[in-house]
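As a plain string of letters, each chain reads:
2 protein chains.
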Amino acid sequence: MTQIELAKNKKYSREMKAISRREGLNLRILCERIARGRIVILQNNKRRLPKFCAVGEGLSTKINVNLGTSSGNPSLKRELEKLKIAIQYGADTVMDLSIGGDLKRIRKEIIEYSPLPVGTVPIYEAAVNAERKYGSFLKMHKEELFDILEQQAADGVDFFTLHAGVTMKNLSLLSGNNKRLTGIVSRGGAILASWMKKNKCENPLFKYFDRVLDIAYRYDVTLSLGDGLRPGSIFDANDRAQNAELKTLGELAKRAWGKCVQVMIEGPGHVRLDKIRQNVLLEKRLCQGAPFYVLGPLVTDIASGYDHISSAIGGAIAASYGADFLCFVTPSEHLRLPSLEDVKNGIIASRIAAHSSDLVKEIKPALQWDREMSIARGKRDWNTQIKLSLNPQKSMHYYGKKKGLSHKKVCSMCGEYCAIKLSDNP
Amino acid sequence: MTQIELAKNKKYSREMKAISRREGLNLRILCERIARGRIVILQNNKRRLPKFCAVGEGLSTKINVNLGTSSGNPSLKRELEKLKIAIQYGADTVMDLSIGGDLKRIRKEIIEYSPLPVGTVPIYEAAVNAERKYGSFLKMHKEELFDILEQQAADGVDFFTLHAGVTMKNLSLLSGNNKRLTGIVSRGGAILASWMKKNKCENPLFKYFDRVLDIAYRYDVTLSLGDGLRPGSIFDANDRAQNAELKTLGELAKRAWGKCVQVMIEGPGHVRLDKIRQNVLLEKRLCQGAPFYVLGPLVTDIASGYDHISSAIGGAIAASYGADFLCFVTPSEHLRLPSLEDVKNGIIASRIAAHSSDLVKEIKPALQWDREMSIARGKRDWNTQIKLSLNPQKSMHYYGKKKGLSHKKVCSMCGEYCAIKLSDNP
Numbered sequence: 001m002t003q004i005e006l007a008k009n010k011k012y013s014r015e016m017k018a019i020s021r022r023e024g025l026n027l028r029i030l031c032e033r034i035a036r037g038r039i040v041i042l043q044n045n046k047r048r049l050p051k052f053c054a055v056g057e058g059l060s061t062k063i064n065v066n067l068g069t070s071s072g073n074p075s076l077k078r079e080l081e082k083l084k085i086a087i088q089y090g091a092d093t094v095m096d097l098s099i100g101g102d103l104k105r106i107r108k109e110i111i112e113y114s115p116l117p118v119g120t121v122p123i124y125e126a127a128v129n130a131e132r133k134y135g136s137f138l139k140m141h142k143e144e145l146f147d148i149l150e151q152q153a154a155d156g157v158d159f160f161t162l163h164a165g166v167t168m169k170n171l172s173l174l175s176g177n178n179k180r181l182t183g184i185v186s187r188g189g190a191i192l193a194s195w196m197k198k199n200k201c202e203n204p205l206f207k208y209f210d211r212v213l214d215i216a217y218r219y220d221v222t223l224s225l226g227d228g229l230r231p232g233s234i235f236d237a238n239d240r241a242q243n244a245e246l247k248t249l250g251e252l253a254k255r256a257w258g259k260c261v262q263v264m265i266e267g268p269g270h271v272r273l274d275k276i277r278q279n280v281l282l283e284k285r286l287c288q289g290a291p292f293y294v295l296g297p298l299v300t301d302i303a304s305g306y307d308h309i310s311s312a313i314g315g316a317i318a319a320s321y322g323a324d325f326l327c328f329v330t331p332s333e334h335l336r337l338p339s340l341e342d343v344k345n346g347i348i349a350s351r352i353a354a355h356s357s358d359l360v361k362e363i364k365p366a367l368q369w370d371r372e373m374s375i376a377r378g379k380r381d382w383n384t385q386i387k388l389s390l391n392p393q394k395s396m397h398y399y400g401k402k403k404g405l406s407h408k409k410v411c412s413m414c415g416e417y418c419a420i421k422l423s424d425n426p
Numbered sequence: 001m002t003q004i005e006l007a008k009n010k011k012y013s014r015e016m017k018a019i020s021r022r023e024g025l026n027l028r029i030l031c032e033r034i035a036r037g038r039i040v041i042l043q044n045n046k047r048r049l050p051k052f053c054a055v056g057e058g059l060s061t062k063i064n065v066n067l068g069t070s071s072g073n074p075s076l077k078r079e080l081e082k083l084k085i086a087i088q089y090g091a092d093t094v095m096d097l098s099i100g101g102d103l104k105r106i107r108k109e110i111i112e113y114s115p116l117p118v119g120t121v122p123i124y125e126a127a128v129n130a131e132r133k134y135g136s137f138l139k140m141h142k143e144e145l146f147d148i149l150e151q152q153a154a155d156g157v158d159f160f161t162l163h164a165g166v167t168m169k170n171l172s173l174l175s176g177n178n179k180r181l182t183g184i185v186s187r188g189g190a191i192l193a194s195w196m197k198k199n200k201c202e203n204p205l206f207k208y209f210d211r212v213l214d215i216a217y218r219y220d221v222t223l224s225l226g227d228g229l230r231p232g233s234i235f236d237a238n239d240r241a242q243n244a245e246l247k248t249l250g251e252l253a254k255r256a257w258g259k260c261v262q263v264m265i266e267g268p269g270h271v272r273l274d275k276i277r278q279n280v281l282l283e284k285r286l287c288q289g290a291p292f293y294v295l296g297p298l299v300t301d302i303a304s305g306y307d308h309i310s311s312a313i314g315g316a317i318a319a320s321y322g323a324d325f326l327c328f329v330t331p332s333e334h335l336r337l338p339s340l341e342d343v344k345n346g347i348i349a350s351r352i353a354a355h356s357s358d359l360v361k362e363i364k365p366a367l368q369w370d371r372e373m374s375i376a377r378g379k380r381d382w383n384t385q386i387k388l389s390l391n392p393q394k395s396m397h398y399y400g401k402k403k404g405l406s407h408k409k410v411c412s413m414c415g416e417y418c419a420i421k422l423s424d425n426p
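In order, the protein sequences belong to chains A and B. Under this note's numbering, think of the first position of the first sequence as 1, with each following residue one higher. Under this note's numbering, think of the first position of the second sequence as 1, with each following residue one higher.
Don't read these hints as lab results, they were simulated from the structure. Keep in mind that the hints are not guaranteed to be accurate.
It does not matter which identical chain is meant; a pair holds if it fits inside one copy or across any two.
[Said to hold, decoys possible] In silico lysine-lysine, DSSO-like type, Cα no more than 27 Å apart, as pairs:
{"#": "1", "residue 1": "379", "residue 2": "275"}
{"#": "2", "residue 1": "207", "residue 2": "409"}
{"#": "3", "residue 1": "200", "residue 2": "179"}
{"#": "4", "residue 1": "408", "residue 2": "198"}
{"#": "5", "residue 1": "394", "residue 2": "46"}
{"#": "6", "residue 1": "361", "residue 2": "200"}
{"#": "7", "residue 1": "142", "residue 2": "364"}
{"#": "8", "residue 1": "198", "residue 2": "379"}
{"#": "9", "residue 1": "139", "residue 2": "408"}
{"#": "10", "residue 1": "275", "residue 2": "361"}
{"#": "11", "residue 1": "421", "residue 2": "207"}
{"#": "12", "residue 1": "77", "residue 2": "139"}
{"#": "13", "residue 1": "51", "residue 2": "197"}
{"#": "14", "residue 1": "344", "residue 2": "387"}
{"#": "15", "residue 1": "84", "residue 2": "394"}
{"#": "16", "residue 1": "77", "residue 2": "394"}
{"#": "17", "residue 1": "11", "residue 2": "197"}
{"#": "18", "residue 1": "387", "residue 2": "197"}
{"#": "19", "residue 1": "8", "residue 2": "84"}
It should be emphasised that the depicted structure is a prediction, and the values quoted were computed from it without experimental measurement.
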């Protein structure tokens, strides 16, 4: 039985028990929310993760880290190093978005080495295979896509991003008067849209959604219904196509719950700061409270090179209004495949966003963390402050070890004029 | 006459005319807002800045960069290098917060080299002088403080941070049941509070506020009424002491306007994300719409080493609700005097925050910037994207120059699977 099926039958799985304990959410409430689709547990039933990860209402905000090769950089080794960084700096999940090299092997290795839930976008592998086999991904057969879904699920993938809302009808909203500045910016969405256009047929993930559900059910793979029509510019945000797709995703979520399949909804993208709230509330309404997994949102289009900051602003706001899961964005967004350092900086920015919203959500361990830091700060106890910081190594390096300073319990900014010191000993 | 005096007399100064043109705000409205204290022009009447800078309602959000030596690092040279970086990366103003070395000389050099308005916290120099003269800043005579105000104004300082709201009465709210985790965290506030406690007398900047106004009036120095009791922890935010001080600052602002002195109000500090709005609205109400200059706010206490990100989140939100001026925060906050690289990263984070809020404020050049970037992105024109980014040098380095990529107009993230390329040529 899947977690949602167990929950509907009021059965407490060991995953639920562990999550209830760790997150401090009453087990009965947790179970009810899983049954109603408001919380998902990300774990393929072929896997036994060392630390279970749940996403949704009343839980701490989670962050995802994207891994994955590109055609120009097909090195598995580098992606495994990124995985290590993801684990070290506190990611909750990873996604393998590889499109270069031996995709099957890369996926298997990432799953093997990852103690975190692993997500994928199966259309990538299907497209790359078709490209290699037929010379063009446009020649992909729909059965090949379903074979990939089955294979990836059997290999232990914990969640799938499926752009099932990229339908003929929703795509038609992108043309004419609704034309966007940046069109489609989702890689998976664009692959499907091109394929649909070329082959003049409906999105197979939408048309045969029951087949998708059968596979997901058998392995308890959580579906992350992708927003293939998310905005790639603040001027394209909250437009008809985006909202229509969201409505479709809400309908698909209902069908998933009917078949005891867990489901999340993906969200934008590029959104002006003051429109984020509306986006989150709309998702919660149209998708009946399904967990909301946002990519950003980036609050401006001009922050290339620093999009982890633009995304931290948007992510913190989105999560403070109820988004449950943040996909990290690195400084390399819009420019290149991220380096190891980019991945680290992206994770930390995303954790700051998630954590700031957890303070608003009044998640107890989050509040406790800030309280301990503030107490240490009030005592001018830099050792504890460094220990409690997101990257103690960096903090230690910054604070330095000048004997005078640590002896006097001040930092090199204010020295003897440290406000807290003055207040203690005027 | 000061700018506010001219405005009250419905006279348009050349500063007003230039600002009206650059900011696209109707001259009559600009002048009215200056008269009512809702906009300030930061310029000592002894200076003639190459580019005038105004702060307040309907204008783009400005950012300030702190410079200044510490006792351990008294190098003027390094601070002048920081000034260069501030200019290069788009700061609107700088503040000289030096407490180490030859303070007078440092200030004069910064003023001489800075094409941007220069602010100071005069109590620092008064305290350091007293420390050097008497062995303790607690022995400072109030006349020495006023001498410094006069001297700094005569030297051309454009705005003063004065913690005039740190009164005996407001300080009393910090004790007993209202005890904070981090007490006073404002350096100027703590110096004054210690001095007041030791000398058992009221804050001279409050008690003799009319003398302050006389000096400010003569040189048209804008007063930035400092929040000496700002919270240093999210748990201390919006408490009685902070709000009482804000009320005092509102009353002082009225007195300043009465004497034709321009005034801004400073704000926190550390504030939980969902309480920022309340803070901004309270300032606008209690201080009759005086420009709000915030330090952060940091939305969590635990981001040491990355507080520029925590601050960008809070600053973007504050400014989107009406804060007018953001003081940058660097990654070194709480840990050390910032390095040149820290200053650069702090400025860029702060600019992202200011710019994202300008999109909400519908500042036309800000919207235009995002529009141009999105159009370039939609055309996969990386040269223009790089040119329009905050740090083109970094973007160029990231994008790289691999011939294949720029020839194909894609980046190394998606390569041939670039969503925008697929949408163009399915």
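Going down the list of hints, with the structure as the test:
In this homomeric assembly, residue 379 and residue 275 come within 27 Å of each other (Cα to Cα) only across copies, at 25 Å, whereas the closest approach inside a single copy is 41 Å. When the C-alpha separation of residue 207 and residue 409 is checked against a cutoff of 27 Å, the pair qualifies neither within a copy, at 65 Å, nor between copies, at 34 Å. For the homomeric pair residue 200 and residue 179, the shortest alpha-carbon distance inside one copy (21 Å) is at most 27 Å, but the shortest distance between copies (69 Å) is not. Taking identical chains as interchangeable, the C-alpha atoms of residue 408 and residue 198 lie at most 27 Å apart only when they sit on different chains, with a minimum of 22 Å there against 71 Å within one chain.
Neither within a single protomer nor between protomers do residue 394 and residue 46 lie at most 27 Å apart by alpha-carbon distance, with minima of 38 Å and 44 Å respectively. Taking the closest pair of Cα atoms, residue 361 and residue 200 never come within 27 Å of each other, the shortest separation being 46 Å inside a single copy and 44 Å across copies. When the C-alpha separation of residue 142 and residue 364 is checked against a cutoff of 27 Å, the pair qualifies neither within a copy, at 47 Å, nor between copies, at 47 Å. Proximity of residue 198 to residue 379 under the C-alpha cut-off of 27 Å is restricted to the inter-copy arrangement: shortest distance 22 Å between copies versus 66 Å within a copy.
In this assembly of identical chains, residue 139 and residue 408 lie within 27 Å of each other by CA distance solely across copies; the values are 22 Å between and 70 Å within a copy. For the identical chains of this complex, residue 275 and residue 361 are neighbours both inside a copy (20 Å) and across copies (12 Å), given an alpha-carbon limit of 27 Å. Taking CA atoms no more than 27 Å apart as the test, residue 421 paired with residue 207 passes between copies only; the shortest distance there is 26 Å, against 67 Å inside one copy. Proximity of residue 77 to residue 139 under the C-alpha cut-off of 27 Å is found in neither arrangement, the shortest distances being 31 Å within a copy and 64 Å between copies.
Taking the shortest Cα distances, residue 51 and residue 197 never come within 27 Å of each other, neither inside one copy (43 Å) nor across copies (53 Å). Within a single copy, residue 344 and residue 387 get their C-alpha atoms as close as 18 Å, and across copies as close as 26 Å, so both meet the 27 Å cut-off. Taking the shortest Cα distances, residue 84 and residue 394 sit within 27 Å of each other both inside one copy (18 Å) and across copies (26 Å). Proximity of residue 77 and residue 394 under a CA criterion of 27 Å is satisfied in both settings, with 25 Å inside one chain copy and 26 Å between copies.
Taking the closest pair of Cα atoms, residue 11 and residue 197 never come within 27 Å of each other, the shortest separation being 45 Å inside a single copy and 64 Å across copies. Neither within a single protomer nor between protomers do residue 387 and residue 197 lie at most 27 Å apart by alpha-carbon distance, with minima of 55 Å and 34 Å respectively. In this assembly of identical chains, residue 8 and residue 84 lie within 27 Å of each other by CA distance neither inside one copy nor across copies; the values are 36 Å within and 63 Å between.
Of the numbered hints given earlier, the model fails hints 2, 5, 6, 7, 12, 13, 17, 18 and 19; all others are met.
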